[in-house]
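**Q** Chain residues, written in single-letter form:
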Amino acid sequence: MKSYLTILFLTILTVSAQNKGDFTFEIEANQIRYNNMELANRFLRDTTSETSKLFGSKYINDTLKKSGLYGLSLSYQPLNFMSFGIYGSYQSNRFNRTYDQVSLGYDISMNPEFLIGHYLEKVTTSSLTIGASTTVYLNKIFQFEKYNTKFLQRFQIGVGLKGGFSLNAFEIGNGITGMQYITSLLKTNDIPGQEHMNYQTFRSQNWSGSIELKLGYRIVQRKLFSTFGVKIGYQFHSTPVLKDKGDRAFQYGATNEEMKLNFSGLYYGIYLNFGK
Amino acid sequence: MKNFLIIALVFVGYNTIAQEKGNFTFEIDASRIHYQKMEVYNRYLRDTTDVTTSHFGDTYLKDTLTASFLFGASLSYQPTNFMDFGIYGAYQGNQFGREYQQQHYVGGSPSTFILADHKVKIANHSYIVGISSTVYLNRILHFDNYESKFLNRFQIGIGFKVGYAFSSIEQTDWIEKFELLTPGGIQPIIKSTSLKGSARNWSGNIELKLGYRFVEKSYFSGVGIKVGYQFHSSSALRNDANAAFQFGATKEEMRLNLSGFYYGIYLNVGKK
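If you read the protein sequences in the order shown, they are chains D and G.
Under my numbering, think of the first position of the first sequence as 1, with each following residue one higher.
Under my numbering, think of the first position of the second sequence as 1001, with each following residue one higher.
Simulated from the structure, these hints should not be mistaken for laboratory data.
Hints may be right or wrong, so weigh each one.
[What the hints assert, rightly or not] Below are the DSS-like pairs computed for lysine-lysine, each with C-alpha atoms no more than 27 angstroms apart in a straight line:
| id | chain 1 | residue 1 | chain 2 | residue 2 |
| --- | --- | --- | --- | --- |
| 1 | D | Lys245 | G | Lys1177 |
| 2 | D | Lys122 | G | Lys1196 |
| 3 | D | Lys245 | G | Lys1226 |
| 4 | G | Lys1191 | D | Lys243 |
| 5 | G | Lys1196 | D | Lys243 |
| 6 | G | Lys1196 | D | Lys53 |
| 7 | G | Lys1121 | D | Lys53 |
| 8 | G | Lys1177 | D | Lys243 |
| 9 | D | Lys245 | G | Lys1119 |
| 10 | D | Lys122 | G | Lys1251 |
| 11 | D | Lys245 | G | Lys1037 |
| 12 | G | Lys1121 | D | Lys243 |
| 13 | D | Lys245 | G | Lys1121 |
| 14 | G | Lys1119 | D | Lys243 |
[Stated by the list, open to error] Stretch by stretch, here's where chain G covers chain D in the computed footprint (C-beta under 8 angstroms, at least three residues):
| id | region |
| --- | --- |
| 15 | 169-182 |
| 16 | 197-207 |
| 17 | 243-249 |
The beta carbon of each residue, even a glycine, is placed where N, CA and C say it ideally should be.
Work out the full structure: start from the sequences and follow the hints.
**A** See the structure below:
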């Protein structure tokens, strides 16, 4: 159903664009610095769970404080100083944490033997946002194109606003990447077929928004144009409690704290667009 | 970041060339694909020998994945009037639901048991990104020389696509609700757990497109139908521990074969 609505929206957008105005397609890559990721970071450094006790102090410095933030948008410019469009953006991070554990087992003849298990915990956070965007072009309002300087004519200053719906996920995978038994001092043999992985996924949805300043330069100026620029902005994006399919919250630590992700933060990056 | 720079570089080069001549076309399509070789996946859907699937009974024995929707979008550039080249993305996915009841031992003293209502979701997804090309027969056969408006606006194309596919499967099992069978027993800790597998492979398509340009100004818009065949077969799907996604009594490894015939509609917009 969502796919059909997207197609319908794109159809209306493309057909309406037959009459006037310009289309711009934009891709961007940013780095965002999260301001309020305390809950996720407390979990990453938590040493009270049975698994994290086995990490020792190996991952005590794990911190989620920044991420790549990638996006693309398609916008339509009905007025020469303003555009409206749709956009999508994605951000994701993962932490792979490993530990080895020795346990006592029995061989096929029921003789005791020592086993070494290689364990993996994979923690992933991700957020996909789809929404509407608008940009006000200050270079058009201040009529930069009337200046004789080629640089100013091609310079672009925009203030952008975005509002979108975000689908967020927090996933923990736990498993064994290999197992061996100790045959004698410093000698081990692999036990094949022990590898496995189980995942727990917790999701949430929320509205998010961002405001940004864009500084660009038209590198090609003919019937079509291409603009390359830099942008800086702030993303407002705080999730409610993340829950699994059974509507149960992800809890951690000695106090069973419930997990929320706060992707809010300052971002900066580059963008590239082209249009007619 | 490295991937973005490569994409950006290709994009800049592509657009710079596009300033000189030719047209851009943006296209979206929705098709129905009929899979030809989904035997492994269908064996998995009907399997009742696994730890989880043994509880299903014969309720889901007729579940089959034979057809799916296939959505795509592409951006192409036409350097000569009879041929275009572009980049494209496509998505296809399906999901199946299961329900079963199971009694669990929770622990405690005296021993606590619960009767749990389980739900299972089985989902497969495949994303493809790649390059595409279309040869326009209406240009080669000079349909635009005819006086008929219909023929002038009629489009016949043969399209080729080659892409890199990211395929995955996920089986999630959770307890929707439960009944405490031991009065005064301990409360269970309930988790939703998933098994996953993913694989990457090359895929390809060949298709015939029949379209009509219903708007013909400085921009054009066309709508049409297409029929084609998708070649898309994955290797064994594996998880992060590099273990294959296995099922059934013989621990068969899961592979997705999304090859099949498809037919659908497309809509494009471009600059003349």
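**Q** Decide, hint by hint, whether the structure agrees.
**A** Structure-based check of each hint:
no., hint, in the structure
1, D:Lys245 <-> G:Lys1177, "holds, 11 angstroms"
2, D:Lys122 <-> G:Lys1196, "holds, 13 angstroms"
3, D:Lys245 <-> G:Lys1226, "violated, 38 angstroms"
4, G:Lys1191 <-> D:Lys243, "holds, 11 angstroms"
5, G:Lys1196 <-> D:Lys243, "holds, 19 angstroms"
6, G:Lys1196 <-> D:Lys53, "holds, 26 angstroms"
7, G:Lys1121 <-> D:Lys53, "violated, 32 angstroms"
8, G:Lys1177 <-> D:Lys243, "holds, 15 angstroms"
9, D:Lys245 <-> G:Lys1119, "holds, 9 angstroms"
10, D:Lys122 <-> G:Lys1251, "holds, 25 angstroms"
11, D:Lys245 <-> G:Lys1037, "violated, 31 angstroms"
12, G:Lys1121 <-> D:Lys243, "holds, 16 angstroms"
13, D:Lys245 <-> G:Lys1121, "holds, 9 angstroms"
14, G:Lys1119 <-> D:Lys243, "holds, 16 angstroms"
15, 169-182, "holds (count 4)"
16, 197-207, "holds (count 5)"
17, 243-249, "holds (count 4)"
Against the hints set out earlier in the document, violations occur for numbers 3, 7, 11.
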